[in-house]
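Enquirer: The lines below spell out each chain.
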Amino acid sequence: MITLLDLFSIAAISAGTFFFFAGTVGLLRFPDSLTRLHALAKADNLGLGLVALGLLPRADSALSALKLIVIWVLVLLSGASSAQLIGRALRRGRK
Amino acid sequence: MSLLAFLDILLALLVVAVAVWTIVARDLFAAVVGYVAYGLLLAFVWIRLYAPDVALTEAAVGGGVTGVLLITAGKRLGALKNVAPEAQPGFAFRLLAGALAALVAGAIGAAILMLPEQPPSLAPEAAAAASTAGAGLGNPITAVLMSYRSFDTMLEKIVLILAVVGVWSVGSDKAWGGAPAPFRQSKPYAPMVFLAQMLAPIGVLIGIHMFWTGANAPGGAFQGGALLAAMWMVIMMARLVEPPRVDAQWLRLALVAGPAVFLISGIAGEVAAGSFFAYPPSLAKPIILLIEAFMLLSIAAALPMLVAGPPNEGPG
Amino acid sequence: MTPSVLAGLVGAALVGLGLYGLILHPHPLRKLLAFNLIGSGVFLVFGIVARRGAAVGFRFDPVPQAMVITGIVVAFAASALAVALILRLSAETSRVTLDPEAWTRRNGEDAE
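Protein chains in written order, with my numbering: chain X, 1 to 95; chain R, 1 to 316; chain S, 1 to 112.
Simulated from the structure, these hints should not be mistaken for lab results.
Be careful, since some hints might not be right.
[Stated by the list, open to error] Each pair of labels, with its calculated beta carbon distance range: (1) X/Ala89 x R/Leu240: 18 to 26 Å; (2) R/Val24 x X/Phe18: 40 to 48 Å; (3) X/Leu7 x S/Leu85: 52 to 60 Å; (4) X/Arg29 x R/Ser186: 31 to 39 Å; (5) X/Leu56 x R/Val241: 34 to 42 Å.
[Claimed, not checked] To give an idea of the interface, some chain R residues facing chain S are shown, with a C-beta separation under 7 Å as derived from the structure: (6) Ser2; (7) Phe6; (8) Asp8; (9) Leu28; (10) Val36; (11) Leu49; (12) Tyr50; (13) Ala51; (14) Thr66; (15) Gly98; (16) Ala101; (17) Gly109; (18) Ile112; (19) Val144; (20) Leu160.
[What the hints assert, rightly or not] Partial chain R-side listing against chain X, Cβ under 7 Å, derived: (21) Pro191; (22) Leu195; (23) Met198.
For each residue, glycine too, the CB sits at the ideal point set by N, CA and C.
Chain X extracted, bound-state conformation:
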């Protein structure tokens, strides 16, 4: 029997998957490297956040739930920084 928490998990993870899908569609369809970078940086980070949110009720303990959040924050940090670096390299004409 599906509890409310399970429904919440399914909804959040599905939403996260949808955002990942949207980001990948943007990667494949956008005309230019900068726009593709924009699609990936925004959509993938949000998708991961939603997936992490959906996994929170299923964590074993408060510590594991905290670890999930920390993982999301670290991916956010490195994703944003590397998007900046790639954008700068693109603007300077390197591929």
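Given chain X's structure and the hints, the job is docking chains R and S onto it.
Expert: Below, chains R and S without anything else, positioned relative to chain X:
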């Protein structure tokens, strides 16, 4: 077919597809990016094989650090990093190479399908050896690495040091003793500096944690050391710190500390516990953790030096 | 088809792919990449031996897994040494091969 089997087959196809991309990509950078993605997907396969320690090592060393090495190499080669299209081999050669590759792959695949039904296993011996050494470690991989096969692990640390010596020896005679070339030539860039300042403390903490829990959970000195090495490389890439001089005392001490402590404890085992590399049963776990701590230091020092390369004749 | 057999066949395919790339590519860095592919394929085959060696109380045989961990680190060390040699060769002779008829692209473009 259950969902898990379906996901397994999907993962296997994905791994092979990314590997094919790595081989057929024409640009070096594209191939290296494919290789890093392949390394991360391979970590998933290792998880499915119930090998979390190997998954951690593959993701950190196989995917991450090797990727940094190859991208840095591509950048330093500059104009020489790609091959002109007219120099690519012709069709007959490709056919021959493909036939040979298919033959080898088929032979290995046949051998896998013909493996014996009752597989031989060293697990009982390893468990017995680890427990009689009084190791008391909850992670059997760490017990095998540090107790059942401790000599192999020490030799492997020495191989790492030999590789560092080899890389340093390749530098030119005039530059001997100097520092390797910096990781980037231009001035530090603010987002990179921000990333280094934010990520490095967290990364160091997580690396030490991975080493410490390696006694009872997946982890260990290799994985933690790879993470610490990555943090040092991030700091060097942000030019907050320059690669150290090759003749720096502290660097050489840090590199040698791991194998030296390992060797000394092995020889001391001859005296204290009766045979080479045996541990006295009551002190086994503290000794193993001590050796692992120094191994952590050596790995964290060796990996960035391997990526940084030989000493460079820079200004001054 | 258990995960072990599937992973083993993937390992075999990776060894074949890596061998193809090793023989085919003239550039030494691409050869190094293909060689790493062969290495990880071999580790995968060894890994299924570890999984199949599950004994009482364990889900896997820890000895092959410890060897694979060691192998991954040693493979990286060997790759680093190879890269250092290639870079030194290119710095000394401005080409990345010992073949006197050089074929490398000179104008520094990326391949498209």
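Enquirer: Hints numbered earlier in the text: which of these fail when held up against the supplied structure?
Expert: Hint check: 2, 6, 7 and 10 fail, others pass.
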